[in-house]
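Chains as they are written, first to last, in my numbering: chain A, 109 to 472; chain B, 219 to 625; chain C, 46 to 590.
Hints are computed from structural coordinates only; laboratory data are not their basis.
Just so you know, not all the hints are guaranteed correct.
The list that follows gives simulated cross-link-like pairs (lysine to any residue, SDA-like), each with its CA atoms no further than 20 angstroms apart [stated by the list, open to error]:
(1) B:Lys580 <-> A:Leu278
(2) B:Lys405 <-> A:Gly285
(3) B:Lys242 <-> A:Phe224
(4) B:Lys455 <-> B:Lys380
(5) B:Lys242 <-> C:Met390
(6) B:Lys405 <-> B:Phe539
(7) B:Lys383 <-> B:Glu397
(8) B:Lys338 <-> A:Leu459
(9) B:Lys499 <-> B:Glu463
(10) C:Lys153 <-> C:Gln173
(11) B:Lys242 <-> C:Gln173
(12) A:Lys240 <-> C:Met301
(13) A:Lys141 <-> A:Lys279
(14) A:Lys240 <-> C:Asp80
(15) B:Lys580 <-> B:Arg559
(16) B:Lys474 <-> A:Leu459
(17) A:Lys184 <-> A:Leu459
(18) B:Lys583 <-> B:Glu440
(19) B:Lys405 <-> A:Arg367
(20) A:Lys279 <-> B:Lys586
(21) B:Lys615 <-> B:Ser514
(22) B:Lys380 <-> C:Asn105
(23) A:Lys279 <-> B:Arg420
(24) C:Lys92 <-> C:Asn105
(25) B:Lys583 <-> A:Gly285
(26) C:Lys153 <-> C:Val126
(27) A:Lys467 <-> A:Phe224
(28) C:Lys113 <-> C:Asp80
(29) B:Lys501 <-> A:Leu273
(30) A:Lys279 <-> B:Lys584
(31) B:Lys338 <-> B:Glu303
(32) B:Lys405 <-> A:Leu186
(33) B:Lys243 <-> C:Val412
(34) A:Lys240 <-> C:Asp298
(35) B:Lys429 <-> B:Glu440
(36) A:Lys319 <-> C:Ser532
(37) B:Lys584 <-> B:Ser409
(38) B:Lys386 <-> B:Glu440
(39) A:Lys141 <-> B:Leu597
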Amino acid sequence: MEKAKISAYQLFVLILLFEHGTTLLIPLAVEAKQDAWLAVLLGTVGGFILFWIYYGLYQYYPDNLPTQYVQKIIGKVLGRLLGFFFLLYFMYIAARDLRDFGEMLVTVAYPDTPLFIVNALLMLVMVYTVRKGIEVLARTGELFFIIVYLFAITGFILVIASGLLNLTNLKPVLEEGILSIIKITFTQTLYFPFGEVVAFAMILPYVNQSKKAKVAGLFAIGLSGINIAIITALNISVLGVDLVSRSPFPLLSTIQTIRVAEFLERLDVYFMLTSIICGFFKISVYCYVAVIGIADLFNIKESSRLVYPIGIVILFLSITIASNTSEHIKEGLQIIPFFVHMPLQVAVPLLLLVIAFFKNRKSR
Amino acid sequence: MNRKWMFLFLMLTGLALTSGCWGKKELTDIALVSALGIDKNEEGRYVGTIQIINPGNVAGGLQGGGGGQAPSITTYSATGDNMVEMSRRASTKISRRLYYAHTNLVVINEELAKEEGITKIFDAFDRDPEFRTTATIIIAHDTKAADILKTLTGVDKIPANKVIKTLKFTEQRWGEHMEVSIQEGIKDLVSPGKEPVITGFRVNGNAEQGKKLENVQQSALEAILQADGLAVFKDGKLVDWFQGETARGVTWILDKIQGTDININWEGEQEAIAYQVIRQKTKVSANMKNGQPKISIHVRAEGDIGEVMVPVDLTVPSVLFNIEKTLEKEIQKEINHAIQRAQKNQSDIFGFGEAVHRSNPKAWKKLKQDWNNVHFPQLKADVTVEAFVRRTGLRNKPYFSNMESNQ
Amino acid sequence: MPSFFKHLKKKKNSENHKESSQDQPNNRLLGFIDDSISINLDMIKQKTGNSSDVVIRTLNISPHSEIKTAVVYVEGIVDTVSINDFLIESIMKNHALQEKLTRENALKVISNNVAALGSIKLVSDWEQLLLSLMAGETLILVDGTNEALSVGTQGGETRSIEEPSTQLAVRGSRSGFTESIRTNTALVRRIIKNPDLWLESMKIGEVTQTDVAIMYINGIVNKKVVEELRQRLKRIDIDGILESGYIEQLIEDQTMTTFPTLYHTERPDMVAGNLLEGKVAIFVDGTPFVLIAPTIFIQFFQAAEDYYARFDIATALRLLRVMIFFISIIGPSAYIAATTFHQEMLPTQLLIAIAAQREAVPFPAFVEAMIMEVTFEILREAGVRMPRAIGSAVSIVGALVIGQAAVQAGIVSPAMVIVVSITAIASFATPSFAIAISARLIRFIFMIVAATFGFYGIILSFIMMIVHLCDLRSFGVPYMSPLAPFSPKSAGDTVVRLPWWALKQRPPFTSNENNIRQGKDQRPQPPANRGMVNSHTRKSDQNES
């Protein structure tokens with residue numbers, strides 16, 4: 109473990125930026141059509157529960173990283189194996205997100221640039237940051253939080269000022285009934301983006317005010333859930349359900365339609381800015397937790413030396429996981445939630461919590 | 219140990235920097251396309267007309283170079299089987315790379331719209347990240363799209379700008395035409411509850427003269443681009459043109475009127491009082507009655523009296539109320555007219571289907587299939603209008619009312 | 046390939062014989078003064094190489110016995126008036142005491158009764174003697190004693206107190222520091238008249254023996270910072286300190302950064318303000334620039350006037366300065382990125398105008414920008430070095446050649462000239478020169494990155510810059526406090542400036558002990574019951590007279 113401490117507010121900011129990470133890019137819960145925002149809100153509630161599980165585990169072992177307390181709960185060998193799987197998971201998701209980003213940039217702005225270069229640049233900046241540790245990452249997060257929020261509010265005002273908001277597109281509400289929304293929540297929005305808070309289980313031991321950490325975390329998840337729901341509703345009301353389901357980047361399409369005062373047009377670069385910042389944080393957090401996890405499992409003293417190799421691994425992984433966008437998206441929507449997200453985000457922590465509960469009850 | 223990684227870092231950065239920059243587009247290497255026109259030739263291939271801006275001639279020659287001697291735009295044409303091929307093939311004629319990010323106007327040939335329909339043309343524009351789907355579409359009425367693009371215009375240097383601004387202001391002032399973007403067009407094409415309706419433009423005057431620079435060097439232009447009618451589509455094909463009050467009826471229902479002038483008859487005189495609409499709000503809602511859809515349209519308009527041609531005493535409130543009632547009837551007539559015409563064409567351009575979908579999704583599921591052909595032509599629309607006359611300008615009684623009483 | 050570096054490293058080490066100031070002229074081995082005055086005087090002459098400004102004045106202090114006395118001083122750095130009047134005259138003319146003088150008590154008598162001057166001390170070893178002599182003190186040697194008196198008579202010509210040349214203020218005091226350390230510390234003492242204002246002196250620099258003093262307010266300052274500062278200053282082992290910049294570069298937290306971690310100022314009121322917040326000031330003799338530690342990034346955007354002006358204009362100016370800083374960094378790169386990669390961002394009309402201009406220019410946007418920027422840097426350097434008389438010629442040359450002729454010749458486009466000029470003016474508008482310098486260098490990096498990758502590159506470089514800033518610490522204090530880590534109580538004085546009655550606490554990172562700077566309820570409210578407010582704001586009833 110690093111000798112670092114972050115405050116509860118910094119945790120809040122990190123979780124917020126992390127949650128927004130790639131969510132701004134992807135069409136979320138499209139099967140729910142115009143009720144997608146409801147699916148997001150339900151996912152937020154699910155996120156609360158999941159965070160509560162991770163926090164519960166943290167409370168039983170406040171000074172240990174998850175890779176350590178997993179060993180305490182289910183034994184050394186099994187624990188190490190499980191920890192290792194988690195780390196692979198983190199690295200894989202980091203690579204996925206990096207690929208998402210690269211795809212967005214190459215599609216929108218730099219069609220002639222090879223994906224490898226675009227990804228490599230982001231990876232370089234990320235490596236530079238993660239080497240400096242969680243404190244620097246948290247402080248940078250605080251600064252960027254203000255910038256991102258300013259952009260978001262400005263964008264929102266501009267969309268409304270363009271007169272594009274057409275709330276009738278959100279009707280009819282609950283056309284398919286509440287059950288289908290719940291089904292979509294359990295297959296999609298619960299895992300992405302809210303279940304991904306599992307990465308923060310590795311960061312909780314660094315928070316110096318553990319009581320406030322719970323409030324900070326829940327607040328962050330709630331706020332980001334509301335934000336994402338608003339953005340989803342915004343996309344639907346501006347673009348209409350059909351266009352949202354056909355666009356790989358619905359928020360970008362929304363921003364492309366902003367036309368205010370004849371000169372504030374074509375603002376996609378600002379979208380690019382905001383999404384790069386949020387994506388950068390998400391990938392950095394994943395890379396960081398992977399690094400400290402590996403340092404912990406394999407007893408390496410200086411974790412900053414691992415960052416370069418892991419960064420390069422993530423870079424190459426991001427290129428090789430899919431050969432075209434459709435394959436990439438299909439993997440993400442149909443294979444990953446069931447086989448990867450569901451066990452690692454929900455089933456395993458729940459199981460661990462139950463075992464920890466029994467173990468600690470016995471020890472009293 | 220640190221040195222090694224610094225070196226690697228620098229190597230990677232150097233690699234990234236020195237291998238050249240891929241996406242670079244120098245301003246002198248791109249041709250700014252301001253408008254794109256699509257026609258069809260005899261062999262059935264698309265003929266695209268590309269209107270390119272000459273920056274040196276637009277900005278007015280700051281460099282001391284000749285500005286104003288050459289037209290501010292140049293047009294090129296190219297043929298192809300689809301949009302992408304046409305655009306790339308045009309590179310054989312143009313000395314630069316075509317840049318579509320500022321293309322704000324797409325003109326479609328009338329015959330192409332009638333015969334083949336517009337369903338398939340838009341995919342290239344929709345998919346390409348460079349092309350903006352906020353670009354305006356218009357249909358070339360009684361002309362070829364190429365002619366509209368080649369006409370030079372007076373006040374605005376770039377003809378595409380003229381068309382777009384004309385469309386915008388006539389939507390605000392006269393209300394018979396409306397701006398439709400590619401995005402809206404696609405949305406309407408796809409939706410089962412609404413059909414697209416697109417404004418048309420024509421070249422008024424001598425089209426051949428309009429292409430020459432002399433056209434803009436006189437005070438009265440030989441050829442002018444004028445907005446002309448609304449093109450109504452069904453299943454992606456152009457079926458009818460609405461003009462005049464029918465067209466205005468369409469925009470009333472679509473809630474797009476921002477200001478217009480309505481003339482009413484008064485005391486035997488035709489078109490005696492001009493009422494200027496300042497703001498209005500139209501609400502369209504649908505109800506199911508006995509398994510049949512019933513649409514109610516409620517219009518609420520406010521405005522001033524702009525002009526009177528009969529000696530009417532506008533200081534008396536009851537007179538104003540009477541004017542209001544006449545106005546309401548007039549607006550109702552226009553709207554009903556438009557609905558009947560659309561029903562004859564069996565094309566729901568008003569979005570009544572979508573209204574039914576919003577209010578009663580289950581019923582919509584049943585009606586969706588035959589909406590345009592069966593249910594829409596049969597439905598009854600209940601139009602209620604509330605018109606308010608708020609002010610009468612700087613004068614109340616017209617000056618000639620005193621004139622007649624004095625003599 | 047990394048082994049390649051190892052070879053270099055070994056070579057470097059073997060070549061360097063350890064340089065330390067041990068090789069410098071050193072007086073430590075000379076021992077103590079002799080009894081005989083002639084030997085002492087000879088030693089002084091020899092040690093100073095018979096420098097012509099060392100004045101040795103022999104006197105007779107006792108009319109009866111021949112007690113040889115000598116007064117030694119260096120002309121030019123002493124106050125000759127006080128020497129003549131108080132020292133020599135008193136010694137020679139005080140006949141009463143002279144009766145009592147013997148060899149043994151001569152010095153004591155002189156120091157207790159005769160020398161009517163402030164600081165006096167006894168020295169007995171050569172090192173101290175010569176150092177005092179060179180520092181501007183007068184030595185009194187008496188034949189037969191192996192001690193000497195060293196009297197404080199520092200003086201000589203120094204610059205008078207003038208307006209500071211670098212940090213001007215419209216409102217606020219007009220005095221700036223001078224080169225004499227005594228004057229400078231006195232200026233601060235005049236503002237903070239409190240015994241808790243402590244001053245520690247030391248001499249740094251083996252050859253130059255420069256006076257360096259640190260000043261802080263005991264009770265407010267963070268003791269750890271003071272201790273750390275002392276340690277770092279003690280560590281300095283260099284031959285000469287010519288300016289506070291030397292000290293700054295030898296004690297700063299991190300060298301591999303363009304951002305300064307120590308603040309320097311020429312104004313006493315800024316130093317006083319910082320001392321009140323719990324920081325430490327470092328004075329260096331010979332320069333009017335005083336260093337302040339620890340420093341945070343926001344400080345470089347605060348001008349002294351901010352605190353004298355009212356909160357609304359102060360806040361507006363602060364926000365403007367932050368915006369200016371960003372313009373000076375990102376200006377040209379944004380232009381390059383927009384016109385080379387992201388032409389869709391610009392409104393069509395603007396794009397047409399710029400395209401028309403670029404038609405005439407042969408270079409790509411990046412090369413054009415580089416030419417303009419480098420030319421501007423040359424102009425700027427020329428402006429600094431130019432003697433006043435030719436200064437106006439430079440500005441004419443600059444305006445005509447660069448502005449007009451280059452545009453007309455088609456070498457650069459007018460839009461680029463505008464962008465570069467605005468950037469340059471923006472960099473002049475940053476209140477602290479140190480930060481403007483960093484911005485100048487960073488701008489070039491951003492331009493290169495923008496030319497290669499457009500806005501993506503700019504954003505990534507921006508992220509890297511912010512990460513770097515967040516990583517810096519200045520004497521243990523995070524550089525980006527109080528924005529990150531966020532502490533709301535001291536965030537009222539950063540990008541905005543809340544009214545003075547709202548800034549109740551000192552920044553917590555510098556002063557742990559004593560945090561409150563104001564009493565309660567300092568918000569000014571004219572009293573309603575004395576008829577000083579309008580009747581509509583009066584809350585009391587109407588029965589007031």
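Evaluation of the provided hints:
1. B:Lys580 <-> A:Leu278: Holds - the C-alpha atoms of A:Leu278 and B:Lys580 are around 16 angstroms apart, at most 20 angstroms.
2. B:Lys405 <-> A:Gly285: Violated: B:Lys405 and A:Gly285 sit about 25 angstroms apart, past 20 angstroms.
3. B:Lys242 <-> A:Phe224: Roughly 17 angstroms separates the two Cα atoms, so the pair holds.
4. B:Lys455 <-> B:Lys380: At roughly 27 angstroms apart (the allowed maximum being 20 angstroms), B:Lys380 and B:Lys455 break the hint.
5. B:Lys242 <-> C:Met390: holds (15 angstroms)
6. B:Lys405 <-> B:Phe539: Violated, at about 41 angstroms.
7. B:Lys383 <-> B:Glu397: holds (10 angstroms)
8. B:Lys338 <-> A:Leu459: violated (54 angstroms)
9. B:Lys499 <-> B:Glu463: holds (18 angstroms)
10. C:Lys153 <-> C:Gln173: Distance of about 19 angstroms is within 20 angstroms: holds.
11. B:Lys242 <-> C:Gln173: At roughly 70 angstroms apart (the allowed maximum being 20 angstroms), C:Gln173 and B:Lys242 break the hint.
12. A:Lys240 <-> C:Met301: holds (15 angstroms)
13. A:Lys141 <-> A:Lys279: holds (10 angstroms)
14. A:Lys240 <-> C:Asp80: It is violated: about 64 angstroms lies between the C-alpha atoms, which goes past 20 angstroms.
15. B:Lys580 <-> B:Arg559: violated (28 angstroms)
16. B:Lys474 <-> A:Leu459: violated (59 angstroms)
17. A:Lys184 <-> A:Leu459: Holds, because 17 angstroms separates the two Cα atoms, which is no more than 20 angstroms.
18. B:Lys583 <-> B:Glu440: violated (53 angstroms)
19. B:Lys405 <-> A:Arg367: Roughly 19 angstroms separates the two Cα atoms, so the pair holds.
20. A:Lys279 <-> B:Lys586: holds (17 angstroms)
21. B:Lys615 <-> B:Ser514: Violated: B:Lys615 and B:Ser514 sit about 37 angstroms apart, past 20 angstroms.
22. B:Lys380 <-> C:Asn105: violated (107 angstroms)
23. A:Lys279 <-> B:Arg420: Judged against 20 angstroms, a Cα distance of about 38 angstroms means the pair is violated.
24. C:Lys92 <-> C:Asn105: violated (25 angstroms)
25. B:Lys583 <-> A:Gly285: holds (15 angstroms)
26. C:Lys153 <-> C:Val126: Violated. C:Lys153 to C:Val126 sits at ~23 angstroms, over the 20 angstroms cutoff.
27. A:Lys467 <-> A:Phe224: violated (48 angstroms)
28. C:Lys113 <-> C:Asp80: holds (12 angstroms)
29. B:Lys501 <-> A:Leu273: Holds. B:Lys501 to A:Leu273 sits at ~16 angstroms (cutoff 20 angstroms).
30. A:Lys279 <-> B:Lys584: holds (18 angstroms)
31. B:Lys338 <-> B:Glu303: Holds, at about 15 angstroms.
32. B:Lys405 <-> A:Leu186: Violated, at roughly 55 angstroms.
33. B:Lys243 <-> C:Val412: holds (14 angstroms)
34. A:Lys240 <-> C:Asp298: Satisfied, since the Cα-Cα distance of roughly 16 angstroms is no more than 20 angstroms.
35. B:Lys429 <-> B:Glu440: Answer holds: B:Lys429 to B:Glu440 is near 10 angstroms, not above 20 angstroms.
36. A:Lys319 <-> C:Ser532: holds (18 angstroms)
37. B:Lys584 <-> B:Ser409: holds (15 angstroms)
38. B:Lys386 <-> B:Glu440: violated (23 angstroms)
39. A:Lys141 <-> B:Leu597: Not OK: A:Lys141 and B:Leu597 at ~28 angstroms, beyond 20 angstroms, violated.
In terms of the numbered hints stated before, the structure departs from hints 2, 4, 6, 8, 11, 14, 15, 16, 18, 21, 22, 23, 24, 26, 27, 32, 38 and 39, listed from lowest to highest.
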